[in-house]
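All chains should be built: construct the whole structure from the sequences, respecting the hints.
Spelled out from the first residue to the last, the chains are:
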Amino acid sequence: VTAALLLVVAGIAIGTFAVRAVVPDADRTLIWGGAFPVGVSIPAFVLLAASLAGADWSRGLLIASFALATIALAAAARLRGRGASERRSGLTASWIDAGSLIVLGGYAVYATAGPMAEFDFLAMWGMKGKEFFLSRGIDFAWLAHPWNQYTHPDYPILLTLIYDELALLQGSWDDRWIGVLFVAFAGSVLLILRGVLERESGSKHLAALGTLGLVPFAASPYLGMAEGPLIAFGTSGVILVREGLRRGQSSLVTLGAVFLGLAANTKNEGLTLCLAVAFGLLVSGEGRRLVWRLWPAVVLIAPWLVLRSIHGLQTDLMGGSVLERVVSHLREPALFLESMSRYPLGKPLFWTGVAIAVVLLLGRLVRRDRFLLTVLVVQFGFFMAAYLASPHSIDWHFRYSWERVLSQLTLMLAFVVVSNLIAAIRGSVREGEHIPDAAG
Amino acid sequence: VSEGVGSRWHRGLAVAAFALILIGGFESHYIRVLFSDRSAAEEFFRELPYRKLPGYRQLLLDAANLVPEGSRVAFWMPEARWQGGYRYGFERSGYFLAGRQPVPLIDSSDQFREDNLGKSEWIICWRCEVPFPGFETVWRGAAGSVAKRT
Chain W
1 VTAALLLVVA GIAIGTFAVR AVVPDADRTL IWGGAFPVGV SIPAFVLLAA
51 SLAGADWSRG LLIASFALAT IALAAAARLR GRGASERRSG LTASWIDAGS
101 LIVLGGYAVY ATAGPMAEFD FLAMWGMKGK EFFLSRGIDF AWLAHPWNQY
151 THPDYPILLT LIYDELALLQ GSWDDRWIGV LFVAFAGSVL LILRGVLERE
201 SGSKHLAALG TLGLVPFAAS PYLGMAEGPL IAFGTSGVIL VREGLRRGQS
251 SLVTLGAVFL GLAANTKNEG LTLCLAVAFG LLVSGEGRRL VWRLWPAVVL
301 IAPWLVLRSI HGLQTDLMGG SVLERVVSHL REPALFLESM SRYPLGKPLF
351 WTGVAIAVVL LLGRLVRRDR FLLTVLVVQF GFFMAAYLAS PHSIDWHFRY
401 SWERVLSQLT LMLAFVVVSN LIAAIRGSVR EGEHIPDAAG
Chain A
441 VSEGVGSRWH RGLAVAAFAL ILIGGFESHY IRVLFSDRSA AEEFFRELPY
491 RKLPGYRQLL LDAANLVPEG SRVAFWMPEA RWQGGYRYGF ERSGYFLAGR
541 QPVPLIDSSD QFREDNLGKS EWIICWRCEV PFPGFETVWR GAAGSVAKRT
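These protein sequence lines map, in sequence, to chains W and A.
So for the first sequence, the numbering used here puts the first residue at 1; every next one is plus one.
So for the second sequence, the numbering used here puts the first residue at 441; every next one is plus one.
These aren't lab readings, by the way, just hints derived from the structure by calculation.
There could be a bad hint or two in this list.
Partial list, computed: chain W residues near chain A (C-beta under 8 Å) [what the hints assert, rightly or not]:
(1) V103
(2) E131
(3) G353
To give an idea of the chain A side of the interface with chain W (calculated C-beta under 10 Å), a few residues [said to hold, decoys possible]:
(4) L453
(5) A459
(6) Y470
(7) R472
(8) A481
(9) L488
(10) Q541
(11) F552
(12) N556
(13) L557
(14) C568
Cβ-Cβ distance ranges computed for the label pairs, FRET-style [what the hints assert, rightly or not]:
(15) W/A64 - A/S548: 42 to 50 Å
(16) A/I471 - W/G171: 30 to 38 Å
(17) A/I463 - W/E286: 32 to 40 Å
(18) W/E286 - A/A480: 52 to 60 Å
(19) A/K492 - W/Y343: 16 to 24 Å
(20) A/A459 - W/A55: 33 to 41 Å
(21) W/G312 - A/G452: 58 to 66 Å
(22) W/Y343 - A/I463: 19 to 27 Å
(23) A/F572 - W/W396: 30 to 38 Å
All residues carry an ideal CB built from backbone N, CA and C; glycine is no exception.
Below, the structure written as structure tokens:
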């Protein structure tokens, strides 16, 4: 467990400088919440670069990458921070936050109860991570081998490289404490959301209560799989772009784009999320002029897309005749509905609450959160398109992935609903009023 | 005038929706687990991925001690069918055998792959002895055996 905790601390150490380098006047919740996901990803890109350069991975290489990245980002943060406000705002603790910490503590116990047991970890994420660790680099020939198709070689590899960071620190492959990383990812995104809720509502108690309701959606039960990190990267990215849009602060959009780029490097759905965000900005009035600010996402995902293409690592969704499958599935719309009803999402009270809130606040949601709603709808559309194009049966998809795939969006959806419910309950935000910028 | 929801009625519904989201979204498992038996949970998670092939995890661990890295190793089981357990076993073998190349002897159409057998250097047999000529069983355990090409 020491190595896992060390990796979390090291990630936070680098990440605080990275966040401050991009957003010089970031408040404390953003710095501490954004630090781990960004910080732990930076050495993963160093491992990728080392592999491409033909250099063997080692613990020394990893530690050097941590040290050099920290020095470079600290310098960048110092340079960018000149003239920025020295007084950083942050959240004010509420006694209700103890509830969130207890639930997160329970998640930590669950996440570290044993070795990783999900099939997708053993056959994909962990399998590739272990293979790369033993090869001391990314073995593209192994990925491209037809016998290894079951490992989904086309999936982005950020998560596997993060697992390799842990293995390099440990000096051996051991999945026993990987769950620690999932707790860190969940805690990180919750801290960001908690800060936004308090800034928007002006009430630490309501913000804490809202965050308590969000904990289960950040704490992904799919340990070892990409959902947990993807939820953290994707939700943080979308919320930061939303914050940048609402507060007219382009640096927040840039940092959001960094998170989105990391989401795209985590799972293919992260890539479509970037497109959904771009579309959301295009339909959000002032957002149009900020679309170009998503460039970090493009820069971060480009290397993997190029490598995937060079090595011919194709997704099974694109194999054979895609159009034929789409048409075939579209001919059976009833099958969609049957499968949906056969494999319900669970948590009926929660979904009832969401439905009531959406009906009650539809006008407000469209006015205040057109961007986020568009992102949710477009990303959901991408999920449906993937199901239609899939070589597997619709029933198979609903049975094995429906709840898990939707969990990628549930935190975002719950956040936007909770945020608007709090505003409605408080009645504190007047029609057309800008959200006050507590950091300004 | 607050934009809010405009009326007490609307505000009441907003409070109700908020409460439903809080209560309905709550994951009680993350509280119950605080009082659970951790050693039992660890054992549960350790065996969970292999529960449909009892003993398979230990068989793979034993095989990993025998089969050298870089080898091509196939998996076999009685009455092997792709969706009848073969895929389950094959796709779970690679993790413990990382560094070796797992070879499928059955494809998704349930066709036996003679060509792949020819490329295999080792075979792990769950609850069976290797039935193919040219291989010699070098290890036997409670859940199966391991054979090497002669």
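Against the structure, the hints:
1. V103: Because about 5 Å separates W/V103 from the closest Cβ in chain A, which is inside the 8 Å limit, the hint holds.
2. E131: 5 Å, holds
3. G353: 3 Å, holds
4. L453: Hint holds; A/L453 Cβ to chain W Cβ min 5 Å, cut 10 Å.
5. A459: 7 Å, holds
6. Y470: For A/Y470, the interface hint holds, since the closest Cβ of chain W sits about 3 Å away, which is under 10 Å.
7. R472: Holds, about 8 Å.
8. A481: With a closest approach of 4 Å, the A/A481 hint holds.
9. L488: 4 Å, holds
10. Q541: Because about 7 Å separates A/Q541 from the closest Cβ in chain W, which is inside the 10 Å limit, the hint holds.
11. F552: A/F552 check fails; min Cβ-Cβ to chain W is 16 Å, beyond 10 Å.
12. N556: It holds, given that the least Cβ distance between A/N556 and chain W is near 8 Å, below 10 Å.
13. L557: 13 Å, violated
14. C568: 22 Å, violated
15. W/A64 - A/S548: 42 to 50 Å: At 45 Å between Cβs, range holds.
16. A/I471 - W/G171: 30 to 38 Å: 36 Å, holds
17. A/I463 - W/E286: 32 to 40 Å: 37 Å, holds
18. W/E286 - A/A480: 52 to 60 Å: 55 Å, holds
19. A/K492 - W/Y343: 16 to 24 Å: 21 Å, holds
20. A/A459 - W/A55: 33 to 41 Å: For W/A55 against A/A459, whose Cβ atoms are near 56 Å apart, the range 33 to 41 Å is violated.
21. W/G312 - A/G452: 58 to 66 Å: Cβ of W/G312 to Cβ of A/G452: about 59 Å, so the range 58 to 66 Å holds.
22. W/Y343 - A/I463: 19 to 27 Å: At 23 Å between Cβs, range holds.
23. A/F572 - W/W396: 30 to 38 Å: Holds: the Cβ-Cβ distance is about 32 Å, inside 30 to 38 Å.
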